[in-house]
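Visitor: Throw the hints in and build the complete structure from the sequences for me.
These protein sequence lines are chains B and H, in that order. Just so we're aligned, residue 1 is where the first sequence starts under the numbering used here, counting upward by one. Just so we're aligned, residue 1 is where the second sequence starts under the numbering used here, counting upward by one.
Some hints here could point you the wrong way.
No copy labels: a pair is met if it fits in one copy or bridges any two.
As the list claims (entries may be wrong) - Pairs of lysine-lysine, DSS-like flavour, derived with a Cα cap of 25 Å:
(1) Lys66 - Lys2
(2) Lys196 - Lys21
(3) Lys40 - Lys21
(4) Lys40 - Lys66
(5) Lys196 - Lys40
(6) Lys196 - Lys2
(7) Lys188 - Lys66
(8) Lys40 - Lys188
(9) Lys2 - Lys21
(10) Lys21 - Lys188
(11) Lys2 - Lys188
Derived from the structure by calculation, the hints contain no laboratory data. Here the structure is a predicted model, which means the values were calculated and not measured.
2 protein chains.
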Amino acid sequence: MKTIAIVSGGMDSVTMAYWLKELGHELSFLSFSYGQRHVKELEFARQCANRLGATFNLVDLSPLGKLLSGSALTDNAIAVPEGHYEAENMRLTVVPNRNAIMLAVAFGVAVAEQASMVATAVHAGDHHIYPDCRPEFIAAFDAMQRLAVAGFGDVELEAPFVNYTKADVVTLGASLGVPFAETWSCYKGGAEHCGKCGTCVERREAFQLAGMTDPTIYTSR
Amino acid sequence: MKTIAIVSGGMDSVTMAYWLKELGHELSFLSFSYGQRHVKELEFARQCANRLGATFNLVDLSPLGKLLSGSALTDNAIAVPEGHYEAENMRLTVVPNRNAIMLAVAFGVAVAEQASMVATAVHAGDHHIYPDCRPEFIAAFDAMQRLAVAGFGDVELEAPFVNYTKADVVTLGASLGVPFAETWSCYKGGAEHCGKCGTCVERREAFQLAGMTDPTIYTSR
Numbered sequence: 001m002k003t004i005a006i007v008s009g010g011m012d013s014v015t016m017a018y019w020l021k022e023l024g025h026e027l028s029f030l031s032f033s034y035g036q037r038h039v040k041e042l043e044f045a046r047q048c049a050n051r052l053g054a055t056f057n058l059v060d061l062s063p064l065g066k067l068l069s070g071s072a073l074t075d076n077a078i079a080v081p082e083g084h085y086e087a088e089n090m091r092l093t094v095v096p097n098r099n100a101i102m103l104a105v106a107f108g109v110a111v112a113e114q115a116s117m118v119a120t121a122v123h124a125g126d127h128h129i130y131p132d133c134r135p136e137f138i139a140a141f142d143a144m145q146r147l148a149v150a151g152f153g154d155v156e157l158e159a160p161f162v163n164y165t166k167a168d169v170v171t172l173g174a175s176l177g178v179p180f181a182e183t184w185s186c187y188k189g190g191a192e193h194c195g196k197c198g199t200c201v202e203r204r205e206a207f208q209l210a211g212m213t214d215p216t217i218y219t220s221r
Numbered sequence: 001m002k003t004i005a006i007v008s009g010g011m012d013s014v015t016m017a018y019w020l021k022e023l024g025h026e027l028s029f030l031s032f033s034y035g036q037r038h039v040k041e042l043e044f045a046r047q048c049a050n051r052l053g054a055t056f057n058l059v060d061l062s063p064l065g066k067l068l069s070g071s072a073l074t075d076n077a078i079a080v081p082e083g084h085y086e087a088e089n090m091r092l093t094v095v096p097n098r099n100a101i102m103l104a105v106a107f108g109v110a111v112a113e114q115a116s117m118v119a120t121a122v123h124a125g126d127h128h129i130y131p132d133c134r135p136e137f138i139a140a141f142d143a144m145q146r147l148a149v150a151g152f153g154d155v156e157l158e159a160p161f162v163n164y165t166k167a168d169v170v171t172l173g174a175s176l177g178v179p180f181a182e183t184w185s186c187y188k189g190g191a192e193h194c195g196k197c198g199t200c201v202e203r204r205e206a207f208q209l210a211g212m213t214d215p216t217i218y219t220s221r
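Guide: So, in structure tokens, the structure goes:
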């Protein structure tokens with residue numbers, strides 16, 4: 001089965017790629033630049049594609065950045081908030097409609113490449129802040145896409161981790177031999193993971209909850 | 001009400017813009033370049049925005065062109081088919097998932113600009129070939145978007161012509177004083193409308209069925 005996997009280079013999407021590879025999928029990675037500060041994540045995605053023998057396509061949506069401004073992830077005038085993901089200030093990290101845009105592009109590519117699946121690594125830890133990571137969104141998107149490409153392709157949307165916690169992802173990844181040190185999360189995109197932004201806090205917590213050694217180097221210990 | 005109107009520069013979307021203006025909407029145009037041969041349509045969109053006092057934003061999705069290849073509209077190796085829209089060869093003019101991609105971007109912009117509506121000018125003449133122009137697609141997309149931006153925006157999808165024929169659009173446009181000569185349809189994007197490609201055949205037929213004078217200059221009479 002040919003699958004278009006949306007891979008950011010973070011631990012969730014990289015684990016998903018390893019899992020799909022284990023299941024025998026023929027993988028085509030799709031990564032997106034959209035003006036994010038942590039653009040270095042994409043190099044981790046590319047390296048993962050190389051390790052897994054997947055094709056790699058980078059879609060440059062950065063011309064959209066100006067129009068979708070107002071997120072700390074793309075707007076240098078807004079500081080990346082620190083603290084836990086569930087806090088209200090993490091709303092600043094929302095890029096409007098990001099997942100719908102990326103998924104719609106992925107379905108276009110899937111039809112063009114005659115793939116059978118689009119896979120995204122949204123997980124339960126994202127549900128509180130990001131509406132476009134929730135199971136009901138995934139189901140509605142899949143339903144919409146079946147109508148959108150009816151007669152031109154037969155592509156299903158798969159979100160294997162939609163009900164996993166990030167700790168569950170760590171546990172699965174460890175069992176698959178995912179090299180977590182070769183993944184990137186930090187929204188600030190510095191030389192090392194900052195250890196303080198929402199995604200760093202969540203990353204560190206996930207290893208703790210899973211009872212796994214965290215190979216990540218954090219600036220703030 | 002602030003409305004993001006997807007305007008290509010063709011007669012349908014330009015008529016929609018005039019209609020929304022008549023209803024008092026504050027209009028923000030969103031136009032897309034995606035590697036289409038008939039990129040000149042976008043200049044007609046820009047001029048329409050100027051006439052109506054709308055803001056105009058052009059989104060360059062042409063980096064996607066290579067990934068979404070296989071359509072005669074974007075691939076110079078494939079000839080634009082001639083004849084009537086309902087013919088099977090018009091399938092060559094499908095750009096995979098084009099409307100879902102454009103609409104998803106439009107909803108992102110709508111949230112960023114705090115608009116209340118996204119409007120698209122799909123019409124009944126498109127239904128046979130293009131699944132992403134059908135009423136059930138529009139309804140499913142709207143449902144998906146309400147989930148995708150829940151808590152961040154309240155944006156509805158409007159497709160006022162989804163059950164109009166193109167002749168109905170001509171009739172409405174004429175009543176609104178739409179300068180049809182200042183709109184562009186032809187997929188070939190030459191100096192004049194070719195008169196033979198699917199959209200030219202449909203354009204000419206729409207004026208005839210509406211009993212209106214067609215101001216378009218066609219190379220093939």
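Visitor: If a hint holds in the structure, say so; if it doesn't, say that too.
Guide: Okay, the hints, checked on the actual structure:
With identical chains, the CA atoms of Lys66 and Lys2 are at most 25 Å apart between copies only, with a shortest distance of 19 Å across copies and 34 Å within one. Neither within a single protomer nor between protomers do Lys196 and Lys21 lie at most 25 Å apart by alpha-carbon distance, with minima of 32 Å and 48 Å respectively. Only within a single protomer do Lys40 and Lys21 lie at most 25 Å apart by alpha-carbon distance; the minimum there is 24 Å, versus 44 Å between protomers. Taking the shortest Cα distances, Lys40 and Lys66 sit within 25 Å of each other both inside one copy (20 Å) and across copies (24 Å).
For a Cα distance limit of 25 Å, the shortest separation of Lys196 from Lys40 inside one copy, 18 Å, qualifies, whereas the shortest one across copies, 49 Å, does not. Taking the shortest Cα distances, Lys196 and Lys2 never come within 25 Å of each other, neither inside one copy (38 Å) nor across copies (38 Å). Taking the closest pair of Cα atoms, Lys188 and Lys66 come within 25 Å of each other only inside a single copy of the chain (19 Å); across copies the shortest separation is 31 Å, beyond that limit. In this assembly of identical chains, Lys40 and Lys188 lie within 25 Å of each other by CA distance solely inside one copy; the values are 10 Å within and 40 Å between copies.
Taking the shortest alpha-carbon separations for Lys2 and Lys21, only the intra-copy value of 11 Å comes in at or below 25 Å, while the best inter-copy value is 46 Å. With identical chains, the CA atoms of Lys21 and Lys188 are never at most 25 Å apart, being 30 Å at best within one copy and 43 Å at best between copies. Proximity of Lys2 and Lys188 under a CA criterion of 25 Å is satisfied in neither setting, with 34 Å inside one chain copy and 34 Å between copies.
Checked against the numbered hints above, the structure breaks hints 2, 6, 10, 11 and satisfies the rest.
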